[in-house]
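**Student:** Quick note on numbering: the sequence shown equals residues 1 to 434 in this note's numbering.
Heads up, some of the hints might be wrong.
As the list claims (entries may be wrong) - Below, simulated DSBU-like cross-link-like pairs (lysine-lysine); rule was C-alpha separation at most 35 angstroms, straight line:
id, residue 1, residue 2
1, K202, K61
2, K398, K202
3, K172, K299
4, K299, K145
5, K202, K172
These are calculated hints, taken from the structure and not from any lab test.
Bear in mind the structure is a predicted one, so any value in this text is a computation, not a measurement.
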Amino acid sequence: MILVDTALAQRAADNNPVLFGMFGAGFMAAGIANQMQYMTGIRLAAVCNRTPANAVAMLTKHGLSDVEEVSSTEQLDAVIRRGGCAVTADPHVMAASAVIECLVEATGHVEYGAQATMAAIDNAKHMVLMNAELDGTVGPILKVKADAAGVVLTGCDGDQPGVEINLVRFVKTMGLVPRVCGNIKGLQDRYRNPTTQASFAKQWGQTANMVTSFADGTKISFEQAIVANATGMRVAQRGMIGIEHRGHVDELVGSYDMDQVRELGGIVEYVVGSVPSPGVFVFAEAQDATQAHYLNYGKLGAGPVYSFYTPYHLTIFEVPLTVARVVLFGDAAIAPIAGPVVDVVTAAKVDSSAGTVLDGLGEYLTYGMCENVDTSRSQDLLPMGLAEGCRLLRDVKKDDFIRFSDVELPADSLTIDLWREQQAYFADLAAPSA
1 MILVDTALAQ RAADNNPVLF GMFGAGFMAA GIANQMQYMT GIRLAAVCNR TPANAVAMLT
61 KHGLSDVEEV SSTEQLDAVI RRGGCAVTAD PHVMAASAVI ECLVEATGHV EYGAQATMAA
121 IDNAKHMVLM NAELDGTVGP ILKVKADAAG VVLTGCDGDQ PGVEINLVRF VKTMGLVPRV
181 CGNIKGLQDR YRNPTTQASF AKQWGQTANM VTSFADGTKI SFEQAIVANA TGMRVAQRGM
241 IGIEHRGHVD ELVGSYDMDQ VRELGGIVEY VVGSVPSPGV FVFAEAQDAT QAHYLNYGKL
301 GAGPVYSFYT PYHLTIFEVP LTVARVVLFG DAAIAPIAGP VVDVVTAAKV DSSAGTVLDG
361 LGEYLTYGMC ENVDTSRSQD LLPMGLAEGC RLLRDVKKDD FIRFSDVELP ADSLTIDLWR
421 EQQAYFADLA APSA
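When you get a sec, could you build the whole thing from the sequences and use the hints?
**Tutor:** And the structure:
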């Protein structure tokens, strides 16, 4: 932030704001649009939404007075150059812009996100993903493609994974060894659904399925999977341990089998009920007695494990800062370092019969859980990010894990194509596949 604020101030002084476009006009997109009234040196220049009228209404509501729907890149760039915000229904129209410097994927929809991200990469545009579901499914191969195109693909700061990686970088830069990357949840119930979550969703202006994915553990599974893929850490067991604890997260430093943690190269985790919520934490070890002495002097305790935490994640407030990091410094907030390390696999939320077509994330039929990729591939487990639209070939019982052999995959899915390409590219990790 110290570097970003100075750099944005200079862009403002030069009357040359960072220009970015955004996919989506929903809850998160509206918050980002609203932020543009209060930030300098950066401007939301275009929005792509499948229903352009919704995007126009959203932008107008949140303080943008010059908004125009367009159908070509030439029109889009003309609106931007005059200082307005363009709206289009076509991802390629926005991605091909000559003036936009970065794009943000804010829909949370896996298949649409894949199409939008490939449009960005094909047009050599940096991409910030607010889409952990896409990232946790095919992020590694998208990163390969982005690298080849010479652009940055990154998750966002302000969501828990990005905040965790900020802490990891902080800890490692001080010469300590991060061992546990954790996410703090207030609630976990695998069997929540859009009906049970409807009132909460209405209270906050969110969709019921998105809120359900928070409650049933699917969202946190994707979030911790992308942390794993960005660090090389693994999970200690399927679904993570998920300690329930009503005190401060600092009190949990002795709760993990550190021999197992070290053997795994570190683990990703979550806790339920701890404070500060909804923050994140990193547990780290010192490398010698002198470091340990000074950490104790700094009131972090006698060790051997030390707690570092951030008590919040501020989503829409920090996403524009990720755009600035990418454009001004080429710095990714969070991205895969190689192939997939942890998958999110599909489990049945209810009994379902053969012939049932699986619904989407945060819906009625399935939930997602983290699993180490070598295990998920050797057992042919269906990734949660590919489950929507699959037709069951057998009856499944509640809490069964669904395999590729249990389903007929939908046709014409870019995400499935990317996943297969990812399997081939990182073939040393592959076992039975679709």
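**Student:** Hint by hint, say whether it matches the structure.
**Tutor:** We went through each hint and held it up to the structure:
1. Distance check on the hinted pair: K202 and K61 sit about 19 angstroms apart at the alpha-carbon level, within 35 angstroms; holds.
2. Distance restraint check for K398 and K202: the Cα-Cα separation of roughly 28 angstroms lies within the 35 angstroms cut-off, and the hinted pair is therefore satisfied.
3. Using a Cα cut-off of 35 angstroms, the hinted pair K172 and K299 holds, with the two alpha carbons roughly 19 angstroms apart.
4. In summary, the hint linking K299 to K145 is not supported, as the alpha carbons are separated by about 45 angstroms, beyond the 35 angstroms threshold.
5. For the suggested pair K202 and K172, the alpha carbons sit about 41 angstroms apart, so the restraint of at most 35 angstroms is broken.
When each numbered hint is compared with the structure, violations occur for hints 4, 5.
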